[in-house]
Amino acid sequence: MFIDIHAHTTIYPRELRPLSDKGIGTPDELVAMYELAGISRGVILPATQPEPRACVQSNEDILRCAELYPDRLIPFCGIDPRLQSNSPDLDLSFVINHYKDKGCRGIGEITANLYFDDPRVWNLFRHAEKCQMPLTFHVGPREGGVYGFIDELGLPRLEKTLQQFPDLILLAHSQPFWSHISGDVNAENWAGYPNGPVVEGGRVPELLRRYPGLHGDLSAGSGFNAVSRDPEFGYAFLTEFQDRLLFGTDCYQMEQKDGLLVQLKGFLEDGLAEGKISQEVFDRVTHENAERVLGL
Amino acid sequence: MFIDIHVHVAAISDLPWSEGQEAPATPEQLVAMFDEVGIERAVMLPFVIPECNILTQSNEDILMIYEKYPDRFIPFCNIDPRLSNNSTDIDLSFVINHYKDKGCKGIGEMTANLPFDDPRVWNLFSHAEKCQMPLTFHVACRDGNIYGLIDDFGLPRFEKSVQQFPDLVWLAHSQSWWAFMSGDVGEDEWGGYPKGPVVEGGRVVELMRKYPNIYGDLSAGSGFNAVSRDPEFGYWFMNEFQDQLCFGTDVCTGSGANSVVRKTEDDAMAQLINFMKDALARDKISQEVFDKIASKNAERILKL
Numbered sequence: 001m002f003i004d005i006h007a008h009t010t011i012y013p014r015e016l017r018p019l020s021d022k023g024i025g026t027p028d029e030l031v032a033m034y035e036l037a038g039i040s041r042g043v044i045l046p047a048t049q050p051e052p053r054a055c056v057q058s059n060e061d062i063l064r065c066a067e068l069y070p071d072r073l074i075p076f077c078g079i080d081p082r083l084q085s086n087s088p089d090l091d092l093s094f095v096i097n098h099y100k101d102k103g104c105r106g107i108g109e110i111t112a113n114l115y116f117d118d119p120r121v122w123n124l125f126r127h128a129e130k131c132q133m134p135l136t137f138h139v140g141p142r143e144g145g146v147y148g149f150i151d152e153l154g155l156p157r158l159e160k161t162l163q164q165f166p167d168l169i170l171l172a173h174s175q176p177f178w179s180h181i182s183g184d185v186n187a188e189n190w191a192g193y194p195n196g197p198v199v200e201g202g203r204v205p206e207l208l209r210r211y212p213g214l215h216g217d218l219s220a221g222s223g224f225n226a227v228s229r230d231p232e233f234g235y236a237f238l239t240e241f242q243d244r245l246l247f248g249t250d251c252y253q254m255e256q257k258d259g260l261l262v263q264l265k266g267f268l269e270d271g272l273a274e275g276k277i278s279q280e281v282f283d284r285v286t287h288e289n290a291e292r293v294l295g296l
Numbered sequence: 001m002f003i004d005i006h007v008h009v010a011a012i013s014d015l016p017w018s019e020g021q022e023a024p025a026t027p028e029q030l031v032a033m034f035d036e037v038g039i040e041r042a043v044m045l046p047f048v049i050p051e052c053n054i055l056t057q058s059n060e061d062i063l064m065i066y067e068k069y070p071d072r073f074i075p076f077c078n079i080d081p082r083l084s085n086n087s088t089d090i091d092l093s094f095v096i097n098h099y100k101d102k103g104c105k106g107i108g109e110m111t112a113n114l115p116f117d118d119p120r121v122w123n124l125f126s127h128a129e130k131c132q133m134p135l136t137f138h139v140a141c142r143d144g145n146i147y148g149l150i151d152d153f154g155l156p157r158f159e160k161s162v163q164q165f166p167d168l169v170w171l172a173h174s175q176s177w178w179a180f181m182s183g184d185v186g187e188d189e190w191g192g193y194p195k196g197p198v199v200e201g202g203r204v205v206e207l208m209r210k211y212p213n214i215y216g217d218l219s220a221g222s223g224f225n226a227v228s229r230d231p232e233f234g235y236w237f238m239n240e241f242q243d244q245l246c247f248g249t250d251v252c253t254g255s256g257a258n259s260v261v262r263k264t265e266d267d268a269m270a271q272l273i274n275f276m277k278d279a280l281a282r283d284k285i286s287q288e289v290f291d292k293i294a295s296k297n298a299e300r301i302l303k304l
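Protein chains in written order, with my numbering: chain D, 1 to 296; chain X, 1 to 304.
Just so you know, not all the hints are guaranteed correct.
Below, simulated DSBU-like cross-link-like pairs (lysine-lysine); rule was C-alpha separation at most 35 Å, straight line [unchecked claim]:
hint : chain 1 : residue 1 : chain 2 : residue 2
1    : X       : K68       : X       : K195
2    : X       : K68       : D       : K102
3    : D       : K100      : X       : K68
4    : D       : K102      : D       : K160
5    : D       : K265      : D       : K102
6    : X       : K296      : D       : K257
7    : X       : K296      : X       : K160
8    : X       : K68       : X       : K160
9    : D       : K257      : X       : K102
10   : D       : K160      : D       : K130
11   : X       : K102      : D       : K102
12   : X       : K195      : X       : K102
13   : X       : K296      : D       : K102
14   : X       : K160      : X       : K102
15   : X       : K100      : X       : K284
16   : X       : K105      : D       : K102
17   : X       : K160      : X       : K130
18   : X       : K296      : X       : K277
19   : X       : K102      : D       : K100
The set of hints was computed from the structure by calculation and includes no laboratory data.
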């Protein structure tokens, strides 16, 4: 059984939205993809912040998608750290709890292009921790021309955040996070998909080892690349962090049916078939960790 | 007949404005209010920009309301200057024209808490001008703990923007705009509702005279206060700028709608209707001036 920790959809048909909105598909399309791939359920993440797309989405849009497929789609809510008055002390628990009461199981994908340790961002983390809501984030390797929380090579601002909010469950995602699986990541390639053998000493294993709140969202090309670029390392990584890694796709349209939808799934199934990972590890990464983290 | 240049509405959310408060007005609540007070149509301004409200709407949410009530609501789209990668050179015309084709008549309410002359904001202005879409904006008197485009005392960044984009139609709104009605506004009061007689030399008058593409959105307590704090000056102002002022309410809750209907003395939104009707009845403004401000200017700039 698979639970996808990271997908996107919208209730509004394609023709209503700007073309540059990446052609995000409807819930019907996403569920049809899940049927094809044998994925039982998926977390749907609204794009409520302006930075990632040309089209801002509402939480109500994603709740409507989830209502259509209550057994298949699990809604998260998007909470922009600048909500209402661009202030570091707004009571975001009120907003978070509103959407939690409506069925949201977490917050994200948070993509605001603000510093990881900006007081407004920390205010969001503080309220997410208080409301016991996991938070999925995207890392931005710079300010401007990109989306995601801004950090530097080595992810020092993420580490400071992990120290500050020990009870917050963070679901780490994106290229600048996963490129740090290897100790030899550098300023030129940390925003991309570095290939080749993984070198010991990467910040991802270090941070996962040190901070129990940190979890790895294995979706997208970034998550898949991290575990598959050096398969022996990848299977050992899955085994070591079997309680902290979650299967995901980052799918949003049928065109991904032969790529993102199935590539990580195939890697995990191969690992199981070849005895590289145990059934227990496989089950945890594919769905049990998601069930635990999301309280399903 | 009135066209309201400034309302907020939500059809599919019941998230309150804040704890203990109401949710935004529904389309049905607003239509009931419009029928009672004689507002024929109203411009809907979506909460797309995070600053301003805890509710985030999509332009699509607003277009659904337009589809249901095409004769009562006029949709604006809202375009965050940080859309698609927080960059200064994204082709926002593409996005604006998409929504223009869907029926949107303008852009706003622009409430991003970024400096008025931030390159990302100017990129938006440049594309709004190119697409010939009017833009409604809210001014902030500081960075943080507030919403709106940030300016300095005296609105120098706004003036620089108007000079840079001479063909953009600006719908100016908010306390920090209307406080400059009077020449004696102080640095400690330009974020509020200064009272009392208007002193000659206000920046609002100066800027509207110098730039005919600046329009005054008279909605909210700020717009009403500007024209009513010194009624004789207010009548002069409405006559002088009869081609550059638009009636508006900024009604955004169900009880706000009720308060407009109630027409109580302490309700600014009801008072703007009353103030204009009273000015007409006492010949302080002509029927022509009344009609222009109530609806005709909006019809012209929104090409209705």
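Okay, the hints, checked on the actual structure:
1. Restraint check: the Cα-Cα separation between K68 (chain X) and K195 (chain X) comes to about 41 Å, which exceeds 35 Å; the hinted pair is violated.
2. For the hint pairing K68 (chain X) with K102 (chain D), the CA-to-CA distance comes to about 25 Å; that is within 35 Å, so the pair holds.
3. A threshold of 35 Å between alpha carbons decides the hint, and for K100 (chain D) with K68 (chain X) the separation of about 30 Å falls inside it, so the pair holds.
4. Note on K102 (chain D) and K160 (chain D): the hinted pairing holds, with a Cα-Cα distance of about 32 Å set against a maximum of 35 Å.
5. Between K265 (chain D) and K102 (chain D), the direct Cα distance comes to roughly 30 Å. Compliance with the 35 Å bound is thereby established for this hinted pair.
6. Under the criterion of a C-alpha separation no larger than 35 Å, the hint pairing K296 (chain X) with K257 (chain D) is inconsistent with the structure, at around 53 Å.
7. Among the hinted pairs, K296 (chain X) with K160 (chain X) is consistent with the structure: their alpha-carbon atoms are about 29 Å apart, no more than 35 Å.
8. Pair hint K68 (chain X) plus K160 (chain X) does not hold up; C-alpha atoms about 40 Å apart against a cutoff of 35 Å.
9. A hinted pair counts as satisfied when its Cα atoms are at most 35 Å apart, and K257 (chain D) with K102 (chain X) qualifies at roughly 31 Å.
10. Restraint check for K160 (chain D) and K130 (chain D): satisfied, since their Cα atoms lie roughly 18 Å apart, inside the 35 Å limit.
11. Under the criterion of a C-alpha separation no larger than 35 Å, the hint pairing K102 (chain X) with K102 (chain D) is consistent with the structure, at around 31 Å.
12. Annotation: proposed proximity of K195 (chain X) to K102 (chain X) is violated, straight-line Cα distance about 42 Å (limit 35 Å).
13. Taken as a hint, the K296 (chain X) and K102 (chain D) pair is broken in the structure, with Cα atoms around 44 Å apart against an allowance of 35 Å.
14. Straight-line distance between C-alpha atoms of K160 (chain X) and K102 (chain X) comes to about 32 Å, which keeps the hinted pair within the 35 Å bound.
15. A C-alpha spacing of about 38 Å is found between K100 (chain X) and K284 (chain X), which places the hinted pair above 35 Å, so the restraint is violated.
16. The suggested pairing of K105 (chain X) with K102 (chain D) holds, with an alpha-carbon distance near 34 Å, which does not exceed 35 Å.
17. Of the pairs offered as hints, the one joining K160 (chain X) and K130 (chain X) holds, with about 18 Å between alpha carbons and a cut-off of 35 Å not exceeded.
18. With a CA separation close to 16 Å, the supplied pair K296 (chain X) and K277 (chain X) stays within the 35 Å bound.
19. Using a Cα cut-off of 35 Å, the hinted pair K102 (chain X) and K100 (chain D) holds, with the two alpha carbons roughly 33 Å apart.
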